[in-house]
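These protein sequence lines are chains A and B, in that order.
Position one of the first sequence corresponds to residue 2 (this note's numbering), numbered consecutively onward.
Position one of the second sequence corresponds to residue 1074 (this note's numbering), numbered consecutively onward.
One should not assume that every hint holds.
[To be verified] Below are the DSSO-like pairs computed for lysine-lysine, each with C-alpha atoms no more than 27 Å apart in a straight line:
hint : chain 1 : residue 1 : chain 2 : residue 2
1    : B       : 1151      : A       : 252
2    : B       : 1312      : A       : 57
3    : B       : 1169      : A       : 221
4    : B       : 1364      : B       : 1151
5    : A       : 252       : B       : 1136
6    : B       : 1136      : B       : 1312
7    : B       : 1136      : B       : 1151
8    : B       : 1136      : B       : 1295
For the record, the hints were derived by calculation from the structure and aren't laboratory data.
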Amino acid sequence: MRGTGLELPRSTIGVSRWRRFRAAVDWPLILTVIALCTIGLLNLYSATRGTRHHAKFDTQMKWMVIGAIGFVVATAIDYRAMVRLAWIGLGLAIVLLVIVRLLGEGAHGKGSYRWLNLFGMGIQPSELAKLMVILALARMFQDGELRDVPAMIGLKAIALAVPVGLIAIQPDLGSAVLLGLVILTVGFLVMQSVWPMVHITLAGLLSIPILWEMMEVYQKNRVLAFLDPSSDPTGNGWHTRQSIFAVGSGKIWGKGWGEGTQNQFDFLPEHWTDFPYSVWAEEWGFVGSVFLLAIFSFLLVWILNVALSARDRAGAVICVGVAAMTFWHVVVNIAMVLGLAPVVGVTLPFVSYGGSSLVVFLCAMGLVANVSLRKHGY
Amino acid sequence: MLLRHSDGPASGNGPVLPELHRRLKWIALVGIGALVLLGGRLWQLQVMRGEGYYERTVSNVVKERYLSSVRGKILDRKGVPLADNRPAFNIYATPKQLEPTVREELSRLLGLSGDELEKVDERLAIGKKRDANRPIMILEDQGRDRAALVEQALARLPGVEVHHEPYRFYPQGDLAAHLVGYMSQMTAAEADRLTTQGYDTSELVGRYGLESAWENYLRGKKGIERYAVDARGQRLDDKTAATLIEGDRVIGAVPGANLVLTIDLELQRLAEKAIAQSRVPAAAIVIVEPKTGKVRALVSKPSFDPNVMTGHLTRQEDAMLRSDPRKPFIDKALRATYPPGSVFKFITALASLEDGQAVEDESIVCNGAYELSGTTFRCNGSHGKQDLVGAIQHSCNIYFWRLAERIGLDRIAEVARLYGFGAPTNLGLNGDAGGRIPTKAWYEQHSRYKVGYATNAATGQGDVEVTVLQMAMAYAALANGGTLYVPQVVERVEASDGRPIVTYQPTIAREIKISADALEIWRRGMWKAANEPGGTAFDHGHVSIVPVMGKTGTAEIRSRTRKKEEEERDIENWNPKRSHAWFSGWAPAENPELAIVVFIEHGGSGGRVAWPIAKQILESYYGKGQVTVDPKAPKPKQAP
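Isolated chain A, as found in the complex:
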């Protein structure tokens, strides 16, 4: 077992290697992820059924297979090895972000550069960057309090901030804010003193007016539309209004799977990417909506549980990072669907259509499983 870092619990000594491995695997985590993926596929099938988008289901299936392989790989390779190479990984992510800025394809002609075409598959480097940032955070905080000279700490902090900035200028404000939130959350939860993070947060809030000036017109319009959705019902407020109609019209029990008129008749453009929760809520009602929230809650609690039982700080920080990423994705996406947040391109983990998001979240869960698997023994 040496070399893989895989130490099995003592209590299982004497049992066959396979059974010991099986006992060490984090089944609740895997089952929860499978449940979420199933819900995602069911929902996507309903959302694209009978439309010219029905091929998206097959595409998503392929990505799911790739994601499953990613999960296994992310579980198999000792996370400590990954953490050791974290800064290199982050550097790679930054290079990709720069490349996408220079060569990437605009998404749907919206004038932003988010996609890289890799072997015929569209890849969003911003999603990959989230994983690399989490690993870098683990590396940064693995030795307890930061022991570097202040200059080095500053350098590392800047290295973490670079991807946020690069994503922001794609422009993909939603992802940038989200990544920032992940970094802040991890900082708040794993540093001895919260004050440095409080300062950074305050500085971030104060910079909002400057950010506003830097925003593209369509981004400003989206924020304005969020503040008053009825101001331009067919324009920027359209998504929010139609989404609220869809969610509300589900009532308590929902319209039934495949029966959601709002999504079936395309009242919500691109609802499979950013608004799958609206489809779900319309078809499964309040009961189904709360059920899905409950599954996400369980997943988050479980990841935190793994963090608490991790065998070292690096593992715990990875779990905290993945939990923070999942939490903010879920909260921002659902808040957006419910009209509580502006429309930003933040996906709902496992449920949204889109290969990058799915693969990254499956890999992230693989990391958690990795930490969970190696929690026993030194």
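Starting from the structure of chain A, add chain B where the hints point.
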């Protein structure tokens, strides 16, 4: 409970990340806060307001569309259509959905001309302003070929629709145009009023003639079709739609009722042809059945083509029609009033005979002039010594002036009113006018009564004004022995399948109590006028195939007629200073079938201009079969 304390790490040094342990309560607080926020919002949207949103999502997909009802036809008494419907294809587009590429594709597909494309853009711009989500007609009345091209390519033309909408069509062109009328777009005021009655602002409404007066019968009832659309407005198939729509999907349109007229299209055509051939600029003809008051022909010229009026009249065409001094839009048969001249003399004659102020064999000498309180009135000739019948035959004015002296203006007015003058005939069409029958009181009211006014009225001049229709009804009453009918133009109303809904019976306005003897004297005069040498009509032609009674009239125009001739367009034969020409009569003489009044505006002499037209109509009508030969009839004589 899931957040149990770690049972590793094996070192037993406590948690590897004590900071996380310390902040668990904060995590729980934020997590529960987020759950409460999202869950609460879900509760608000789905449980509290769910019903409302549900309703709205249904209306999001279910749309309503009016199904236009087919307008009723207007048919002549034999069922020949005067107003019908033809299929028309209109191409609609929803401005919000119409991408520029679709516009290009449509233009390429149909090979639209620059003008057409300009019109399309203009209409789209209007539609966008009104309601960008509602389809607006961009190409009107397209041919079958174009409609088929667009329908085949609908998949490539999102936002475009082809509607089959029947168009009003008048197969007889301008025949009986004033009677049938036309349709046009509603005015803003009408739009306000009619939209509450289920009209759509884009609809046409009856604007003139029967189309306007019988609008409520003709229009039928629109149906409603409910259908489902997706966000792009694409119609969903019926099976899907059925699951979304509660209740009836289609409430069928009820087609409008058909009007069957009393008009004899053949006679109408003969009458209009006679006017056209005589090349008179403006005229009106009314032919009624004396026994029933049913109108057999109703002509007003010049007229218009209702097909042109119902379509889109160009501004120039419209201006041309409206500036015509002959006023093509005034129905000269029943809306305009004119001095009747000598055809009115029967009133004076009958009033005098009834009062015993005239006897058949009293002879009065006409020397061409008549003095009354210092004014000289001139007769149309010097007729010498003649009795009443002779005076009618020659249309001598002096005889009637003498009678007027005896009976006075008010007695003339009284009998005129008995015969329906001075009040609308109640045909209920085109503002059926009442005309004017002056009395002493009327003159006193306006200025001062002079004795000469009675003189004028006795021969249908001065302030007497009547409509051609009134004259026809009065002569019908003379023909039938004294029954004044309300003119009737609609025989019955039929449902679209031919089932009768209402059949109208002749309506009597009043029985006129005039002695048969008095009538007989007047009739004898009419007979002589039309059938004996020296008769005002006979001198200009004679009808041999059917015995005709007739009286001519030449109504002088007062010099105060506007002198705008320089401004007026040069129209052949049009001279606003010339007299109006009248002919009133009936045929056959005994047992009358048709009472006919021919009026030629500024036509000149009644005998020379109006009578030949009446003669031509009667000859061509009775020449086709229904020949009745009167043995008493004199030998035919050629018109000079």
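Satisfaction of hint between residue 221(A) and residue 1169(B), Cα-Cα up to 27 Å: Holds - the C-alpha atoms of residue 221(A) and residue 1169(B) are around 24 Å apart, at most 27 Å.
Hint consistency between residue 1136(B) and residue 1151(B) [alpha-carbon to alpha-carbon, up to 27 Å]: violated (43 Å)
Agreement of residue 252(A) and residue 1136(B) with the hint, judged by alpha carbon distance not exceeding 27 Å: Holds, at roughly 22 Å.
Agreement of residue 1151(B) and residue 252(A) with the hint, judged by alpha carbon distance not exceeding 27 Å: violated (64 Å)
Sort out whether residue 57(A) lies within 27 Å of residue 1312(B), counting only the CA atoms. holds (25 Å)
Regarding the pair residue 1136(B) and residue 1295(B), is the alpha-carbon distance no greater than 27 Å? holds (16 Å)
Take the C-alpha atoms of residue 1136(B) and residue 1312(B), compute the straight-line distance between them, and say whether it is at most 27 Å. holds (16 Å)
Proposed proximity, residue 1151(B) with residue 1364(B) (alpha carbon, max 27 Å): holds (19 Å)
Checked against the numbered hints above, the structure violates hints 1 and 7; every other hint is satisfied.
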